[in-house]
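Participant: Add chains C, F and D to chain S, keeping to what the hints say.
There are 4 protein chains.
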Amino acid sequence: MKIKHIKLKKNMKVSELIDEFDSLNVLGAGRLSKARKIVSYMINDEKMAVFLSLGGPLVPGGLRTIIADMIKDKQIDVLITSGANITHDLLESFGGKHYNNLGFDDEKLNSEGIGRIGDIYTKNEDFVTFEERICLIFEDILDKKINTQNQRKTKLENEPNEMTKDEKLVNHVFSIKELLFEIGKRIKDENSILKSAADNNVPIFAPGLTDSMLGLQLWMFSQENRFILDVIEDMNELSDFVFKSEKVGAILLGGGLPKHYTLASNLLKGGLDTAIQITMDRSETGSLSGAPLEEAKSWSKAKCGSNLVTVIGDVTIIFPLLMASLE
Amino acid sequence: MKIKHIKLKKNMKVSELIDEFDSLNVLGAGRLSKARKIVSYMINDEKMAVFLSLGGPLVPGGLRTIIADMIKDKQIDVLITSGANITHDLLESFGGKHYNNLGFDDEKLNSEGIGRIGDIYTKNEDFVTFEERICLIFEDILDKKINTQNQRKTKLENEPNEMTKDEKLVNHVFSIKELLFEIGKRIKDENSILKSAADNNVPIFAPGLTDSMLGLQLWMFSQENRFILDVIEDMNELSDFVFKSEKVGAILLGGGLPKHYTLASNLLKGGLDTAIQITMDRSETGSLSGAPLEEAKSWSKAKCGSNLVTVIGDVTIIFPLLMASLE
Amino acid sequence: MKIKHIKLKKNMKVSELIDEFDSLNVLGAGRLSKARKIVSYMINDEKMAVFLSLGGPLVPGGLRTIIADMIKDKQIDVLITSGANITHDLLESFGGKHYNNLGFDDEKLNSEGIGRIGDIYTKNEDFVTFEERICLIFEDILDKKINTQNQRKTKLENEPNEMTKDEKLVNHVFSIKELLFEIGKRIKDENSILKSAADNNVPIFAPGLTDSMLGLQLWMFSQENRFILDVIEDMNELSDFVFKSEKVGAILLGGGLPKHYTLASNLLKGGLDTAIQITMDRSETGSLSGAPLEEAKSWSKAKCGSNLVTVIGDVTIIFPLLMASLE
Amino acid sequence: MKIKHIKLKKNMKVSELIDEFDSLNVLGAGRLSKARKIVSYMINDEKMAVFLSLGGPLVPGGLRTIIADMIKDKQIDVLITSGANITHDLLESFGGKHYNNLGFDDEKLNSEGIGRIGDIYTKNEDFVTFEERICLIFEDILDKKINTQNQRKTKLENEPNEMTKDEKLVNHVFSIKELLFEIGKRIKDENSILKSAADNNVPIFAPGLTDSMLGLQLWMFSQENRFILDVIEDMNELSDFVFKSEKVGAILLGGGLPKHYTLASNLLKGGLDTAIQITMDRSETGSLSGAPLEEAKSWSKAKCGSNLVTVIGDVTIIFPLLMASLE
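Chains as they are written, first to last, in our numbering: chain S, 333 to 659; chain C, 333 to 659; chain F, 333 to 659; chain D, 333 to 659.
This is chain S alone, in the form it adopts within the complex (with noise of 0.2 angstroms):
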């Protein structure tokens, strides 16, 4: 088919660009194109699941409120991310920033107590008032489940291997998702992703959670409260999703972790029915965060016959985009 260049006028909406990019149907502009039909779709099909991964920082990197958004307005079901992307979400919640223009020099913001991601900037003040706000909701979630205080504060060194009260351990034994679902629902900050999770009963899948500021205040909460947190349960509740799912379709940002438990989770009823992914990584080293998604269908990770797409670009250029072309 002969290939429409691109025409742009002033003023035109984001829709317009992209209707653009759509009668060129070439390129990265083609790719994006064909990444807004099948999102479009995705959204749209009320039997659809939609999964949406988030590999990167994703939350500090601005994304956060279109999460949310897209949580609010019914768009996605599940939500696939590292530990970092909920912390980040909690440290804002908290009353913490992020921050832009504080230079490349790593050991001087080392010694300002500033931490760098790439331009984006944190401060250990906020990851203090993080520590003790985050502290309270372990306590009084592991309260809730345990039903009495006293019982909680047996200390772990008297009991070397086992337990005096083992008969109660089940109820210190939490999932990830169960926590961060506990978690969500002690949020009061309305543009927290982990509140909008909870009250749209969007369930949270982070299975490296453990691998964050969240994870590390989890493991120093454990030093004084029997605090168990069982992967394989999670696992349990991710699959019984997808099983209960007629239609599953996923959006990918990011490669990593996530991407892949995204990827796997539906190897077990034959893979997803559609999926676009945006990253920047790509295939020459094998690494699944490059793959190209047509791979997946070699392991039924993706349906035969699935309609994949993958946009090479930068995640926080390229997605905004992608959803403020939908109309």
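What the simulated footprint calls covered on chain F by chain S, stretch by stretch (three residues with Cβ under 8 angstroms from a Cβ of chain S suffice, anywhere in the stretch; the number is not a length): (1) 441–451; (2) 537–546; (3) 558–567; (4) 590–596; (5) 617–628; (6) 631–645.
Hints were generated in silico from the structure; no laboratory data involved.
Ideal Cβ positions, reconstructed from N, Cα and C, are used throughout, including at glycine.
Facilitator: Chains C, F and D in isolation, oriented as in the chain S frame:
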């Protein structure tokens, strides 16, 4: 400064989306909003000559109309490009097209007379027309310059090392800029970049012109007609242009020879005053294509203190997005 | 300092080639020679605990023997990896293989029961064997911990929200490190990374273990057997290890969760003393996978003043080249 | 076929390491071993003309001696390069050097008269010497061709549009290949690529030559001396070379104009018989630099059925590794 998360709304304009990127001001989205500020400043400063350099298949890739419109709207003052973009601009002016969705089996495409550029395709039949039409233009250009038919036909094989009518040899010498201007004057197609440039007196420099289908046709034409393409003369014309410009700004799309030629041509008077580049190339190999613009300062190809921004991304997405966001 | 051009000679040794890179000391070749110095220093310093992190398909990609040999030679003290690399190590220990040259038609591969990882392939029949063998190992591991057969068989569906024999629940709780150590003890294959690690008391951490075929089998096993995988306990074990180490160095292959977990685990005592990373990921998106190691200094995940080098390249080429160059 | 994991041994030779990559035969390591086979075949086939194309700063980047040795050893028959690599080869022949470890503050470097290429540096004083020496060579080359001093000094400003002694104008016309050959004949430095090429009759083509410090000097020289650089004549010489070659193979280092010129020059007789490329560029943007070699088949720039391999990696590491592995 605190970042403000991107907030999308229904039917938002491209400029409103980039305004959101501007409030965020981190990662790729932030760099894109900075690039918009620079380009807006460049094209609105009467005293600034704006260079546009084209690396990669931007004309076949759908940017032909955008580039022609920038020339017609007097947004750019000089175009520096690969020979390929000129060839593909002419291909369309002569009735040829670019195609999509023809697959990736290169041996099959070859047997069908189809050439592939990523997922863009051309047809041999269009190049046959291109050859016929461009040769007539070459003849007319040469005729006008030497003023006589019979003289032009002097076969070269009859004169191994020198000419019979050497005293008129100077009339056979062309600069690339001169040749492209003369071609542009002979194009009827209103969508043509070459015609728009000739009509608006925007010089086009293509230092690697011979490395293209246009160059190939010129070489074939030169088998029958003495035709000398003097690339040093182009340097005279480009340096004259740079020296008469009070300030120079550059929009660098992709890398390669056009990027370097743009930077190097400004070395003579202390470097560019401001510039942006959009590219997927990176800096690790030391290649100029992926070099950060800051590096140009060490060479005086960009002024110390000049405002320079690099956006890492696919030009076919990022550049239309940037241009559509200008108000 | 003046560079010395690389000089090749017939039959030169790998170490001699990297010596040439060292005299050159620019671009990728220079960074690789610096990385060699750091790795050589790391593994020869008795007081330094060396972490090796594996992101990407490095075991299926041919590095299995190199990694096992590093463990046997006491060159590394901790292994941090994705679940996939453990799965593929076990796949081979159970008689399975990895294959090449089977094409890129993913739907055809699917119909043939072949899974693709770039241009590496696995066969479903090997995963069937894997499933049978690993389940027997899970059973044996659980038996040994709870000491009684009949107890283990208690079906969970008979006990929705709590257990009949809760007082022994603690015996059903495993850390990932503990599980991998127990599996390693039960492997006969001398080429096994897990066996080598168990034999040499090198702990293996895989925070995202459940996101793998091994995790999937564990989840299926847990349908019949109470099995709790507590990722917080892993943090106790890893932090104990870090705190008892006088100095810590890290070799980071690829990015992802293993890279971040390695960096974050060292935050507690001021950060890594030295590190190298080999990756194809870049920094533009702000993703940790592509982050320069310097960034870790701002977070105290690497010490200020620590010696850090990044080599941009394909791990399957660069890492064997680096290790073969050590004398 | 089953993969064989890479096995390292003490003091192994480079060829032995690549033999291990060959047994593995997947991912980057596998592609590198395939590239070795092709290059070995190319340079040992008496009937095959071997093209070497150089994109990126390979001479300043440390490959100067390797390239000169390949010419001296008759391993390559044609060199196609950017003007920059020629400039930096001459810079060293005239006593200049390339430096490392001078930092990344480009404004400071500028004030110190230092130019930066990634982490490679040059000094202005070396370019001053370069200017003096190359101008004397230009004068001598032009003198020899026109045989008279007084004639050469005719100022151009006295003759706007034509010459007084037009009948000798032909003596002022040079092809780039001719100019580089004449320069090479006048270089004493045994390490010089240009001298080695001239001594061994290996033609050098540099279609973008004017875009370099050498081109800049030539332009300055042309202010005082009529000097015409005819790029069409280069096409005559290159096509003659291609047509008289029974078979053609290409080693493509980096992309850009040298890569495309190499491919395009072989279009005239049906395309390359075999080729390898080593590059960090990717295919998403459709740019020729990142295009897979297979694409060249659709254009008849590579023969259908030809053996083509791409290795994604840093040329300064991969190319010396490949060449050192040849036996």
